[in-house]
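Undergrad: As you go down the protein sequences, you meet chains A and B in turn.
Sequential numbering of the first sequence, starting at 1, is according to the numbering used here.
Sequential numbering of the second sequence, starting at 1001, is according to the numbering used here.
Calculated directly from the structure, the hints in this document are not laboratory data.
Even for Gly, the Cβ is constructed at its ideal location relative to N, Cα and C.
Mixed in with the good hints, there may be bad ones.
As the list claims (entries may be wrong) - Only some residues are given here: those of chain A computed to face chain B with a beta carbon under 10 Å:
1. L149
2. S157
3. E163
4. S224
5. S231
6. T240
7. R280
8. W283
2 protein chains.
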Amino acid sequence: MKIRLGLDIGGTTVHGIAVTAHEPHDIVTEATHPTRKGADGVVAVALDMVTALRSALPADAEIVSIGLGVPGIVHGGAVTHAVNLGLDGNPLELAAAVSAGTGGTPTTVENDVKAATLGGLQWLREHGSDVDDLALLNVGTGIAAGLLLDGRLRHGSRGMAGEIGHLVHDPTGPLCPCGRRGCLELYASGSGVRRQWAGTAAELFDAADAGDLDAVRIRDELTSGIAQAISLLAYSVDVTCVLVTGGVVSATPALRDAILHKLRSDENTSLGRLAGIAERVRWLPAGHPAGALGAALLGAGDEEAGSWRS
Amino acid sequence: MKIRLGLDIGGTTVHGIAVTAHEPHDIVTEATHPTRKGADGVVAVALDMVTALRSALPADAEIVSIGLGVPGIVHGGAVTHAVNLGLDGNPLELAAAVSAGTGGTPTTVENDVKAATLGGLQWLREHGSDVDDLALLNVGTGIAAGLLLDGRLRHGSRGMAGEIGHLVHDPTGPLCPCGRRGCLELYASGSGVRRQWAGTAAELFDAADAGDLDAVRIRDELTSGIAQAISLLAYSVDVTCVLVTGGVVSATPALRDAILHKLRSDENTSLGRLAGIAERVRWLPAGHPAGALGAALLGAGDEEAGSWRS
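Using the sequences plus the hints, can you model the full thing?
TA: Written out as structure tokens, the structure reads:
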């Protein structure tokens, strides 16, 4: 039985998954470990996860690939910028280290949101959407997109395709930890809400409905910021589908309604009608393992028809 | 001798070009006619241009393809939205009409900026840049980009890839003719300058240097808006090269310097250093016939190695 492993290495936890090597990529086993940080910690936690997944597999299982998703910039097989993993200095040759530590298993590393796009594609296909052109927009601690364009995952010339969170949204806005002012992420992300609001996003919407003026402002900035991110993807790459994921969106139905309302208001213009952005939006259900699943699929593209490899 | 014709059908003039069918696509003849508007006018002016170009070709010339670039949204071979050609109602099947009027010559229609991207690629190759991944950013009456990603022209799901001019840049800004407020085009385009300043862009920069506060504001908005457009292309699709074209940029060296200065200021952040956006920027010289040349190359991709066809 041929198996692909996928590891979604987040700032807090590592989610590991083992899937069958070929379509429909059934999930065989899963595990979750706490993250360790720094170069040595990340390599060690990845190798421990591989060992844990392997021990849960049938005796005849053969691991044919390992895919790693990391929250940072990945280029040339190295992780060059991943603050939440304690990697912000020298590039880490993570794929090479994990391959060496597993007896030479072919290993690929990619940005976590880019990897998750492949998992999102799988979910869309299982739910009757025959697209091969989508953006997965992740609204988590930050906001970033993965782009699958005409069936090919877009890496970008420096691994930065879809890194829209630090585009300047309001040049008069507050200082962002990145050093710029008014980045999109300050408004349209979990951290953007938390910096201004102590409760959950659902509580934010309730308080806004009850007339709390601060809540109204924060809610409207969150809604507009996410709608702007979706519009930006529609007018820059014009993808068929924008699949939105992330805790703040999944847990807040009122936010989804508000985003769609905002996008539909754009359809009062003739360009907006042609663009029809609201109808492109889909929401990935909470708990879908798109990150780990997509990481596992990083190894699959070379062999399958309709390859998404860039 | 096999020939490809390219027509860049602008709001004021039609520029026609005939090139050799294969690399290096030498220019054989060119012509310029005034545009006629409306569906009948556009078809007629295109057919007249084909006749004019044909009459200037050697007797043994065989026209193997015709490409048409139009300032509007093109989808499924039809022009669906082209205000400056008097086409804002029913889709116009322009490629079919021109093909029928020329005895069945294979004819392709594409948005003018997307077509020009192929012309820009040709210029880069002639000037030692071996890229196949670029955005051509056209700063003309409006602002829009064409995307060539990993050698493939990105059309988009609705023909809107690169149509960034009506992304909202400042939601508190003035009303745009499109119906939105504060579109990027209101700041970062020729029309954006003209709505606020009676002279040329060069005179704007001189007045700003002399301390005119209105001129300083308009200059800074123009500079920041174009820099934002370039950044948006870098952080959304992360292209290797952004080739900037258009009269306002070509005629104003001080504007080019100011854009690069603004982009370099972003490199004070760690993400900005990784992105290195300023070094990706190239400027297409004034007078380069990228629009008509690119239109002629619309017919070439299917046959040549490294096809850019989407």
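Undergrad: Now tell me, hint by hint, if it's right for this structure.
TA: Here is what the structure says about each hint:
1. Residue-level restraint check for A:L149 holds (minimum Cβ-Cβ distance to chain B is 6 Å; threshold 10 Å).
2. Taken as an interface hint, A:S157 checks out: its beta carbon lies about 4 Å from the nearest beta carbon of chain B, inside 10 Å.
3. Annotation: interface hint on A:E163 holds; nearest CB of chain B at approximately 5 Å, less than 10 Å.
4. Of the supplied interface hints, the one on A:S224 holds, with its beta-carbon coming within about 7 Å of a beta-carbon of chain B, less than 10 Å.
5. For A:S231, the shortest C-beta to C-beta distance to chain B is roughly 6 Å, which falls under 10 Å, so the interface hint holds.
6. Taken as an interface hint, A:T240 checks out: its beta carbon lies about 4 Å from the nearest beta carbon of chain B, inside 10 Å.
7. Of the supplied interface hints, the one on A:R280 holds, with its beta-carbon coming within about 8 Å of a beta-carbon of chain B, less than 10 Å.
8. The closest approach between the C-beta of A:W283 and any C-beta of chain B is roughly 19 Å, which is over the 10 Å cut-off, so the hint fails.
Checked against the numbered hints given earlier, the structure breaks only hint 8 and satisfies all the rest.
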